[in-house]
Structure formats: structure tokens, C-alpha cells
Amino acid sequence: MSMTDTAALPAAAAEVPSFTCTFIIRRFDPEKDAEPYWQDFDVEMFATDRVLDGLHKIKWELDGSLSFRRSCAHGICGSDAMRINGRNRLACKTLIKDLDVSEPIYVEAIKGLPLEKDLIVDMEPFFESYRQVQPFLVASDKPEKERLQSPEDRARFDDTTKCILCAACTSSCPVFWTDGQYFGPAAIVNAHRFIFDSRDEAAQVRLDILNDKEGVWRCRTTFNCSEACPRGIEVTKAIAEVKQATLRGRP
Amino acid sequence: MTSSEQTSPLRSETDDNGITTHYHQFDVVIVGAGGAGMRAAIEAGPHAKTAVISKLYPTRSHTGAAQGGMAAALANIEEDSWEWHTFDTVKGGDYLVDQDAAEILAKEAIDAVIDLENMGLPFNRSPEGKIDQRRFGGHTRDHGKAPVRRSCYAADRTGHMILQTLFQNCVKLGINFFNEFYVLDLIMVDDKSKRAKAGKPKPRRAAGVVAYELATGDIHVFHAKSVVFATGGFGKIYKTTSNAHTLTGDGVGIIWRKGIPLEDMEFFQFHPTGLAGLGILLTEGARGEGAILRNASGERFMERYAPTIKDLAPRDIIARCMVQEVAEGRGAGPNKDYVLLDCTHLGAEVLETKLPDITEFARTYLGVDPVHEPVPVMPTAHYAMGGIPTNIKAEVLADNDTVIPGLYAAGECACVSVHGSNRLGTNSLLDINVFGKRAGRYSVEYANDAEFPEMPKDPAAEVRSMIQTALQADGGERLASIRKELQEEMDKNAQVFRTEQSLTDVAGTIHRLRERYKNIGIHDRGKRYNTDLLEAIELGFLLDIAEVVVASAKNRKESRGGHMRDDYPERDDENFMVHTMAYLTGDAKSANVEDHISIDWKPVVITNYQPMERKY
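Protein chains in written order, with this note's numbering: chain A, 1 to 251; chain B, 252 to 867.
No lab work stands behind these hints, which were simulated from the structure alone.
Be aware that a few hints might be false.
[Stated by the list, open to error] Under the rule of at most 35 Å between Cα atoms (straight-line distance), these lysine-lysine pairs were calculated in the DSBU-like manner:
no.	chain 1	residue 1	chain 2	residue 2
1	A	Lys97	B	Lys587
2	B	Lys358	A	Lys145
3	B	Lys381	A	Lys142
4	A	Lys57	A	Lys32
5	B	Lys443	B	Lys840
6	B	Lys423	A	Lys111
7	B	Lys840	A	Lys57
8	B	Lys769	A	Lys32
9	B	Lys561	A	Lys162
10	B	Lys840	B	Lys853
11	B	Lys509	B	Lys853
12	B	Lys490	B	Lys866
13	A	Lys32	B	Lys735
14	A	Lys162	B	Lys735
15	B	Lys300	B	Lys443
16	A	Lys162	B	Lys853
17	A	Lys142	B	Lys644
18	B	Lys490	B	Lys300
19	A	Lys57	A	Lys162
20	B	Lys708	B	Lys300
21	B	Lys561	B	Lys423
22	B	Lys644	B	Lys443
[What the hints assert, rightly or not] For each label pair, taking beta carbons as the anchor points, the in silico distance ranges come out as:
no.	chain 1	residue 1	chain 2	residue 2	range
23	B	Asn651	A	Lys32	49 to 55 Å
24	A	Gln39	B	Asp588	37 to 43 Å
25	A	Asp98	B	Glu751	16 to 22 Å
26	A	Ser198	B	Asp266	52 to 58 Å
27	A	Trp217	B	Asn268	51 to 57 Å
Quick reminder that beta carbons are idealized off the backbone N, C-alpha and C, glycines included.
Work out the full structure: start from the sequences and follow the hints.
This is the structure:
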């Protein structure tokens with residue numbers, strides 16, 4: 001390619017003009033507050049900033065008590081799933097330029113899991129569902145080298161290996177909101193990852209677990225989970241494949 | 252955390268200030284739930300009562316951000332040998348690698364990869380169904396003749412797959428996790444075992460750790476026979492970094508405050524290809540697949556610096572060349588302040604199947620599509636070669652050779668040293684697996700042979716007072732402003748190029764910031780998820796560690812691997828072919844470096860490879 005057009009490349013953040021953004025955040029500290037409440041903060045932002053940068057600005061410059069989880073800050077660790085303008089997303093993957101900044105940005109904790117403080121929920125029920133589907137390879141052979149797997153067999157479950165357990169899908173699911181006993185999309189995604197792995201021998205065990213009244217049949221195919229997934233996993237499709245395998249056995 | 256019989260405390264008590272302390276007992280306590288910690292847990296868990304304590308949920312650990320692969324001379328694709336891998340590791344580390352450790356790393360790599368595959372890791376596959384392998388920087392055929400395909404990978408998500416696979420297997424084994432517990436102190440007591448009497452006078456051993464539970468503000472004392480530190484790195488001493496916000500060197504800082512030395516802290520790796528201005532990592536695997544670095548005029552500048560392996564030269568060399576290109580006016584962009592990673596000739600299919608995540612990062616964060624345009628990149632603080640000194644059994648050392656009974660370290664927080672002065676790409680995912688496994692094996696071996704050491708009367712006293720003091724901090728200094736200045740000044744003065752002047756400047760800055768740190772204010776006074784308090788404590792560790800990095804860097808008046816001194820541009824084997832050992836000899840909180848850090852040396856272990864000039 002020609003390198004003469006490098007000047008046309010995007011400029012660094014510093015050259016982009018800043019503007020004021022209003023964040024309206026649902027606050028809750030059970031040590032102080034009887035009920036959650038909404039609080040406004042105005043901060044200077046750049047279009048290239050992420051929502052996480054806004055939260056940091058608030059915490060670091062305005063109110064140190066604002067509490068939220070975050071770690072990697074680029075969409076890999078799954079710490080900062082939250083509801084941003086009514087949609088589940090990762091704060092570190094949501095750029096300000098992709099939001100309508102003429103309106104306030106509403107931020108609240110993900111729904112369906114017990115609220116602990118501000119944007120932090122208790123993740124334990126979520127991980128409990130995950131653990132229940134036996135999310136690990138079950139294989140009885142003891143090979144001396146690697147087990148062989150064709151690229152096609154490896155590709156069969158690639159999509160569901162991408163899950164980062166952020167809970168954006170499960171906590172966007174209307175069925176999960178009203179029935180916390182439902183395994184939820186993320187647990188099913190992680191079951192799928194092994195059910196369709198040619199090396200695994202426990203597909204039927206997991207299918208039996210998910211054939212429960214709180215299993216795959218609770219899914220009403222609303223596609224909220226697929227829309228919420230920050231890793232682009234086709235969650236609803238994975239659930240449908242598990243439903244089919246429950247009826248017909250692993251293909 | 253999980254509430255089960257295993258994880259419930261033995262007893263709990265609440266003091267007059269309303270602080271509750273819980274007491275637990277485990278044979279083996281592992282601090283950190285990234286790759287090294289969980290690999291250790293898988294080894295130790297089945298053989299002893301084991302707990303893993305982590306500041307984060309295990310799957311949030313930064314192992315998950317590693318992309319390109321894990322090296323092992325499987326020879327699945329082309330001829331390879333562990334001996335060549337050893338040589339590359341030694342040469343890549345500019346001969347400061349302990350060669351006995353590098354041999355173990357390269358030999359045990361093969362089993363480490365097979366272990367992971369057997370545990371379920373979804374590696375990319377060759378057409379025959381074997382684990383596929385690709386090229387990576389500094390990994391060569393027959394001692395430098397040409398790049399070799401040694402990196403085992405799963406797209407550009409190898410770290411994610413390793414972290415998930417290890418977590419899955421911990422779930423399978425029912426490992427006890429204490430998630431969002433922040434370890435703040437290591438309990439050390441006099442070693443009264445028979446073993447100790449034969450040894451040196453007044454030996455100390457590990458007896459457990461003290462942690463702060465983020466959800467409740469309660470304190471937890473973990474009494475243990477063996478303690479494994481697997482707490483990761485400390486990239487947050489820098490502003491531009493690929494490291495997570497949570498990588499604040501807590502474990503390394505705790506060790507330092509206990510008077511245990513830190514090894515080779517001046518050697519910090521700057522990964523060449525961070526997204527410009529952001530520091531987000533773009534894997535070296537891109538260059539392994541054929542991507543090319545270009546300057547503003549489109550020149551493939553690495554041809555000039557490393558004619559044989561070009562864009563696959565080790566990271567320290569490439570990072571320096573990039574900075575030099577920019578310094579000499581050949582940088583791209585409106586400010587000529589970055590270079591370009593050109594992937595456009597790889598084609599959409601390679602990018603989508605082998606490099607999907609980095610393709611998405613460039614699109615999301617810079618609005619650049621690597622399929623059609625080159626991506627702006629600059630070096631980003633990435634990896635600490637130095638850390639807690641250990642031997643090849645992952646035992647922590649109190650000096651050049653004295654083992655501290657019951658104390659182990661593995662992964663980025665440790666310094667074995669398999670990386671010397673510059674780590675090769677794909678050797679860190681390998682390190683956590685090989686030495687994480689060893690830490691697990693030897694810690695459980697020790698625990699099964701040892702008695703529980705006697706505990707001090709109030710083991711949590713220090714942590715309780717640390718928390719109390721922090722909660723009452725009502726000074727006018729904002730911790731974020733101190734942290735920002737630390738990170739910016741470290742970027743400016745202790746990054747890819749260093750001089751006596753720049754290091755003296757930043758040492759002065761750290762001194763002033765320490766004074767300001769004494770006067771910080773903490774706004775959150777609550778007990779639940781007090782992340783304000785957490786960040787204040789983390790900043791204390793960052794300041795301590797940055798000071799050790801700078802003091803060690805000042806002391807090494809030569810250029811080697813990741814440590815480039817503009818004022819001493821040559822490697823000086825006569826005077827500096829030795830590891831740095833930094834000791835805390837006074838009050839870590841005192842502002843003056845000279846009164847509390849002293850530097851000593853430790854010989855490098857050489858087995859087969861005498862130092863040679865490092866050319867690629």
C-alpha cells in the first residue's frame with residue numbers, strides 16, 4: 001500500500017476537542033441508603049474516551065466513594081459489565097462518540113443479581129450456575145501427547161470459547177430477571193463450549209442438567225443476550241443448538 | 252466467595268473499633284488467581300487443603316489479556332528442539348538469564364502445553380489435527396539461523412484460553428477460592444523446625460497471610476504451612492501500559508516491605524506494538540503472521556537494525572528502534588509520534604481467523620481497520636522481568652542462596668530468572684505454567700512434611716492499623732493526582748531510554764510524591780467495597796516499587812536487554828554480568844532513597860552459553 005497518505009490517519013486523543021458530558025449514575029450504599037438513587041455528574045470528556053474513563057474521572061476527581069469493578073480496560077477481563085443507557089455493555093468498550101452526548105449518559109448496575117453497592121452486584125449466583133453445568137473437559141483417555149482434533153471440529157465450538165463471564169448476557173435476559181433460578185445464557189454458553197467439543201465425553205450429562213425446568217427451555221429467544229454480548233458471541237444461536245442437541249443428541 | 256465448610260473461618264472476633272477478624276487454616280495458601288496461581292492450585296489442591304486468595308475474580312486476572320501464544324519445541328510443524336529454545340531464551344535475555352532455569356523452562360514447556368491440551372485448552376490445529384504453531388520474536392531455528400514456528404496458540408486469545416482452562420479445572424477439582432480478598436501482609440515467624448537448626452542462624456519462615464475482604468471490610472488471617480505468591484506484575488507504575496488497572500505490584504510490594512530482596516527490577520519490558528496513545532496490546536503474533544513495521548515514509552525500518560530476522564527481533568530491540576525512528580523525525584501521523592504496523596497484505600481471512608481480537612481493538616479504540624490501513628503503534632509498558640528472587644523450585648530466597656522455608660513465588664511477580672534482561676514473547680505464558688506447576692508441587696511437598704508454625708499473638712495487628720489509618724486519612728492530596736504524576740514521570744524518565752539525569756529526576760519526583768502521599772484524603776469511609784481505600788493502598792505499593800525500579804536502574808551503568816542507558820550505551824560484561832539484588836535496609840516509607848535501599852549483586856548461572864554479542 002502507499003504510505004503517502006499517513007497524514008490522513010486519525011489523530012491522537014489530545015487533538016480532539018473536549019466537551020462536557022453528564023453522567024447520571026444509580027448510586028446505592030447499603031451502609032447509608034435505604035433505597036438506590038440517581039446522581040448527576042458533569043465531566044470533561046473526549047470523543048475517543050470510553051465510559052470507563054468517565055467513571056474514573058468521577059471517582060478520581062469528584063467522588064472517591066463511587067464504586068465499580070474494572071481491570072483490563074479493553075474488553076477482555078469481563079469486570080465492568082453495566083447498564084449504559086438501558087443496554088448491557090462493558091464500560092471499557094463503550095466509546096463516548098458512539099453515544100448521544102447531547103443527552104445524559106445513564107449508568108446503573110446490571111439487573112437480576114443482588115445489588116451490593118453502586119455499580120457492583122453479587123456475582124456469586126452467576127458463578128454458581130456456571131459451576132453447575134460442569135464447565136470443564138471430561139475425557140477418560142490419558143494420551144501421551146495432545147489429543148488430535150481437526151480444524152473443523154475445533155471450529156465447531158469456537159464461538160462459545162470467547163466467553164469472558166462478564167454476565168452481560170445473563171443479566172440482560174428478561175427470564176433471568178424474574179426467575180433467578182434459571183441457569184441463564186452464560187451458563188448455557190459454557191455448557192455449549194464442551195457439548196460441541198469433539199474431545200469431550202460428558203455432553204449427555206450437561207444436556208440432562210440443562211433439560212431441567214430451569215434449563216434451556218426457559219429461553220424465550222428474545223435475543224437480548226446476543227445483543228448484549230461484548231465478545232460478539234451468537235448466544236441465542238448457541239442456546240438453540242443446545243436445545244436441539246437435547247432433543248436429538250449431540251450432532 | 253463461595254460459602255462452604257471449607258471456606259468458613261475457624262473463628263471470628265470483633266474488636267472495639269468494630270473491625271471483625273476471621274481466622275482460617277490451610278496447608279497451602281496461594282495468593283493470586285491468574286495463570287501461575289491457578290496452575291499451582293491444580294498441582295497442590297488434590298494433595299493438601301489449599302486456598303486461593305485473589306483481589307479479583309479469577310477470570311478477571313490479566314493472564315487473560317495475553318494474546319500470541321505459548322512457546323514449546325513440539326516440532327509439530329517444523330524441526331525444533333528444546334535446546335534451541337533454551338539458547339533463544341538466553342540470548343533474548345541478553346545473557347542475564349540463569350541458564351539452568353532456562354533449560355527447565357524449555358524442556359518442561361512440552362509437557363506444559365500437553366497438560367493444557369489435555370485439560371481442554373482449545374488450541375488452533377494443524378491440518379493433521381495437531382497443535383498448530385506460529386513464529387514469534389526471537390524464537391529461531393538452530394541458534395539464530397531463521398525464525399521457527401514454536402508458539403502454540405489459540406487465535407490471538409491464548410491467554411484467555413489458558414485462564415479459562417485453568418479456572419475450569421479448578422472448578423473441576425473444587426479448589427477453595429477467596430475472591431475479592433486483598434492480601435496485605437505476609438506473616439513471617441522464626442523457623443523452629445529441625446531442618447532450621449542445621450541451617451543458618453535465626454532463619455525465618457512463612458506462616459500465612461492477612462487479607463482484607465472487599466465486600467465487607469473484614470480482616471482474614473490465613474494460617475498456612477506454605478504460601479505461594481502469584482500476584483502478577485506492576486505495569487501501573489507507568490502511564491502507557493498494556494497492564495490492567497489492578498496490576499499494582501501488591502505481592503512484590505509486600506515481599507519488599509518484609510525485607511526480602513527484589514531481583515533485576517530495572518528490567519522492564521516495553522512491548523513494541525501498543526495502540527498509539529492508549530497502550531492496548533497488539534500481539535507480536537501479528538508480526539509472526541507476517542505483519543511489518545513501517546515508518547512515515549513506508550520504509551520497513553527493521554531491515555536496517557536486524558537484517559536476519561527483521562520484524563521478529565526481540566521486543567527490547569524493536570521497541571528501541573521504534574523510539575529511535577520517531578526521535579529522528581521518521582514517525583508517522585500529524586505529530587510524527589508513532590510508527591505503523593502494516594497488516595494490510597495479510598488479508599481479511601488471516602486477520603479474522605488468527606488475529607480477530609487485535610483487529611477488533613484497532614477498530615474499536617482507534618477507528619482503524621487493519622484489513623485496509625496500517626495501525627498506529629508505539630511501545631507500551633508490558634512486563635517486569637525482575638521480581639521476587641526464587642530458585643528453580645520456586646522457593647523464595649532471602650539473599651543470593653538462602654531459601655525461606657514455606658515461601659514460594661511464580662509468574663510475573665517472581666524472578667527465577669528465565670527472562671534475564673528481556674523476555675521473549677510467548678515465554679511468559681510458558682513461565683506461569685512451568686513454574687506455577689513447580690510452585691504447586693514443591694509447596695505441597697513442603698506442607699505435607701511440615702508442622703503448622705506457631706503464629707504471632709495478633710497476626711492481623713499491622714493490617715488492622717493500616718486500614719484504620721487509611722480510613723482516617725483526611726489530607727488534601729488526591730491519590731489520583733499523585734498516581735498520575737508518578738506514571739507520567741516514569742514514562743518520561745524510566746522508559747525505553749534512560750540516563751543518569753532522567754533517573755535522578757524521577758527519583759526526586761518519587762521522593763516528593765511519597766511526601767504528598769502522607770497527606771492523602773480518602774473520601775469513602777465505608778466498609779463495603781471501599782475501592783477508594785483499595786486504590787490508596789495500591790498507590791503505596793506503586794510508589795515503593797517505582798523507587799526500587801529507579802534505584803536499580805541508576806545502579807546499572809550499562810545497557811543490556813530492556814535496560815537502555817543512553818549514557819552507557821554498551822553492554823559491560825566485565826562489571827555488570829550479574830543480577831541486581833535490591834534490599835530494603837531502612838523504613839520503606841522514608842522519603843530518602845539512600846537511607847533505605849541498598850544494592851548488591853548475584854552471579855548469573857551459566858551452563859552452556861558464554862555471553863556473545865547479540866545480533867539478529
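These are the hints, each one checked on the structure:
Our distance criterion of 35 Å between C-alpha atoms is met by Lys97 of chain A and Lys587 of chain B, whose separation comes to about 25 Å. At most 35 Å may separate the alpha-carbon atoms for a hinted pair to count; Lys358 of chain B and Lys145 of chain A meet this at roughly 15 Å. Among the hinted pairs, Lys381 of chain B with Lys142 of chain A is consistent with the structure: their alpha-carbon atoms are about 16 Å apart, no more than 35 Å. With a C-alpha separation of about 23 Å, the suggested pairing of Lys57 of chain A with Lys32 of chain A holds against the 35 Å cut-off.
At most 35 Å may separate the alpha-carbon atoms for a hinted pair to count; Lys443 of chain B and Lys840 of chain B meet this at roughly 31 Å. For the suggested pair Lys423 of chain B and Lys111 of chain A, the alpha carbons sit about 28 Å apart, so the restraint of at most 35 Å is met. Between Lys840 of chain B and Lys57 of chain A the CA atoms are separated by roughly 28 Å; this keeps the pair inside 35 Å, and the hint holds. Restraint check for Lys769 of chain B and Lys32 of chain A: satisfied, since their Cα atoms lie roughly 28 Å apart, inside the 35 Å limit.
Note on Lys561 of chain B and Lys162 of chain A: the hinted pairing holds, with a Cα-Cα distance of about 32 Å set against a maximum of 35 Å. With a CA separation close to 26 Å, the supplied pair Lys840 of chain B and Lys853 of chain B stays within the 35 Å bound. Taken as a hint, the Lys509 of chain B and Lys853 of chain B pair is honoured in the structure, with Cα atoms around 20 Å apart against an allowance of 35 Å. As the CA atoms of Lys490 of chain B and Lys866 of chain B are separated by approximately 31 Å, the hinted pair is consistent with the 35 Å bound.
A hinted pair counts as satisfied when its Cα atoms are at most 35 Å apart, and Lys32 of chain A with Lys735 of chain B qualifies at roughly 31 Å. As the CA atoms of Lys162 of chain A and Lys735 of chain B are separated by approximately 33 Å, the hinted pair is consistent with the 35 Å bound. For a cut-off of 35 Å, the pair hint linking Lys300 of chain B to Lys443 of chain B stands: about 22 Å separates their Cα positions. Taking the CA atoms of Lys162 of chain A and Lys853 of chain B, the gap is near 44 Å; set against the 35 Å cutoff, the hint is violated.
With a CA separation close to 27 Å, the supplied pair Lys142 of chain A and Lys644 of chain B stays within the 35 Å bound. Taking the CA atoms of Lys490 of chain B and Lys300 of chain B, the gap is about 40 Å. The hint is violated against a cut of 35 Å. With a C-alpha separation of about 30 Å, the suggested pair Lys57 of chain A and Lys162 of chain A falls inside the 35 Å cut-off, and the hint holds. For the proposed pair Lys708 of chain B and Lys300 of chain B, the alpha carbon gap of about 24 Å is at most 35 Å, so the pair holds.
For the hint linking Lys561 of chain B to Lys423 of chain B, the alpha-carbon distance of about 44 Å lies beyond 35 Å, and the restraint is violated. At most 35 Å may separate the alpha-carbon atoms for a hinted pair to count; Lys644 of chain B and Lys443 of chain B meet this at roughly 22 Å. For Asn651 of chain B and Lys32 of chain A, the Cβ-Cβ distance of about 53 Å falls inside the hinted range of 49 to 55 Å, so the restraint holds. Between Gln39 of chain A and Asp588 of chain B the beta carbons are some 38 Å apart, a value that agrees with the proposed interval 37 to 43 Å.
As the Cβ distance of Asp98 of chain A to Glu751 of chain B is approximately 47 Å, the hint placing it in 16 to 22 Å is violated. Checked against the given bound of 52 to 58 Å, the beta carbons of Ser198 of chain A and Asp266 of chain B, roughly 57 Å apart, stay inside it. Between Trp217 of chain A and Asn268 of chain B, the C-beta spacing of about 52 Å keeps the proposed range 51 to 57 Å intact.
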